[in-house]
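Peer 1: One-letter residues, chain by chain:
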Amino acid sequence: MAIFSVYVVNKAGGLIYQLDSYAPRAEAEKTFSYPLDLLLKLHDERVLVAFGQRDGIRVGHAVLAINGVDVNGKYTADGKEVLEYLGNPANYPVSIRFGRPRLTSNEKLMLASMFHSLFAIGSQLSPEQGSSGIEMLETDTFKLHCFQTLTGIKFVVLADPRQAGIDSLLRKIYEIYSDFALKNPFYSLEMPIRGKATDGRGYSRACTLFIQPSLALGPSWCGCFVGGRRQLC
Amino acid sequence: MSCPTHRRPEYRKINKDLFVLTYGALVAQLCKDYEKDEDVNKYLDKMGYGIGTRLVEDFLARSCVGRCHSYSEITDIIAQVAFKMYLGITPSVTCNNSSRNEFSLILDKNPLVEFVEELPAGRSSLCYCNLLCGIIRGALEMVHLAADVTFLQDRLKGDSVTEIGITFLKKPEEKKYRRKK
Chain A
1 MAIFSVYVVN KAGGLIYQLD SYAPRAEAEK TFSYPLDLLL KLHDERVLVA FGQRDGIRVG
61 HAVLAINGVD VNGKYTADGK EVLEYLGNPA NYPVSIRFGR PRLTSNEKLM LASMFHSLFA
121 IGSQLSPEQG SSGIEMLETD TFKLHCFQTL TGIKFVVLAD PRQAGIDSLL RKIYEIYSDF
181 ALKNPFYSLE MPIRGKATDG RGYSRACTLF IQPSLALGPS WCGCFVGGRR QLC
Chain B
1 MSCPTHRRPE YRKINKDLFV LTYGALVAQL CKDYEKDEDV NKYLDKMGYG IGTRLVEDFL
61 ARSCVGRCHS YSEITDIIAQ VAFKMYLGIT PSVTCNNSSR NEFSLILDKN PLVEFVEELP
121 AGRSSLCYCN LLCGIIRGAL EMVHLAADVT FLQDRLKGDS VTEIGITFLK KPEEKKYRRK
181 K
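One line per chain: the protein sequences are A and B, in this order.
Going by our numbering, the residue at position 43 of the first sequence is 43; the numbering climbs one at a time, nothing skipped.
Going by our numbering, the residue at position 39 of the second sequence is 39; the numbering climbs one at a time, nothing skipped.
Worth double-checking, as some hints may not be accurate.
To be verified - Once the Cα atoms are required to be at most 27 Å apart in a straight line, the calculated BS3-like pairs of lysine-lysine come out as:
| no. | chain 1 | residue 1 | chain 2 | residue 2 |
| --- | --- | --- | --- | --- |
| 1 | B | K157 | B | K109 |
| 2 | B | K109 | A | K172 |
| 3 | B | K157 | A | K183 |
| 4 | B | K42 | B | K109 |
These are calculated hints, taken from the structure and not from any lab test.
Since we're looking at a predicted model, the values are computed, not measured.
Just chain A, with the same shape it has in the complex (with noise of 0.2 Å):
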């Protein structure tokens, strides 16, 4: 999937509408046998992998799941601590799943409040006056594009470095946000779009619609996509 992932931040810096559509990440899943030979340490609530990388299982990636079933951040779905339960001996052998964790809403709010700080002091240091702001950010595995209108909604997209398009890409997003929240006469502007709400699914459908056919890299699937509503595939 080129486009990773939208963010939709209001005047505030607050996050009123995000949408991941990541391709599956590397997961990997293996069985172990007492002792573990990895070290596992507890941060910022979630079950992190400290030493002992090998086969696809790296520093940082997160314990997902524990025997298929997917684990509440310290706890194993039963209740019980994953640390607790991995130092049992009579657990064993347990399959564990590892992978790169997921960012929590509450994250993602605090990193949405956080760029559209950056964009503000970005839009400053600008030795002319009237800049535009972060436009973009590049790494080697992601681009992030920046679209600010001039009522100061941001509209940022994560994609492939090489994904081409992405400026209309986000006039389209605008639109759409034009269309569907503020045409609601109950959405109050400012305000997340919910989902389930005639607004959110709404919103979200479009959205998806729009970065769905990005699979083919290049410009023309822009264009691709006339108007119609279709089933979400």
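Assemble the complex: chain A is given as a structure, and chain B must be docked to it using the hints.
Peer 2: For chain B alone, kept in the frame of chain A given last:
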């Protein structure tokens, strides 16, 4: 970074009469609900404000206008792009007092008052299209511009033309918003 020059296929045309009649019904109901003309005008303005704050995003998304650098540029865009897009008319712009940032939009044709013969007796100070004033005010506020928008002349009240006056007010914290301009 170009805007689509074609309309989306979903952009259906609706009957203008339905829109004009709906607006008329709205004003008529407000007149029944409130005795004083000032109240009706005030509520029309409030409703227009709510519409304007939302409509401005739709306008900016579809018209791709860039940042404006002067009040006269803004008024030109309101008259030539926004009015054209939403009401199909192009009012002319005059500058009343450039030092005090006062501009006027002169509407020679107003689709909203197509079926109105004259204001009812006892409603002589009713601003029939005050919704438009509220819309402009709300839209400008969302792009961080405070403005006073009122009807200076109204054909329904006996004047020769319909004139909307826009007065741009000084923002209290101009420095903070400098980058937005």
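Peer 1: Hint by hint, which ones does the structure fall short of?
Peer 2: 2 and 3
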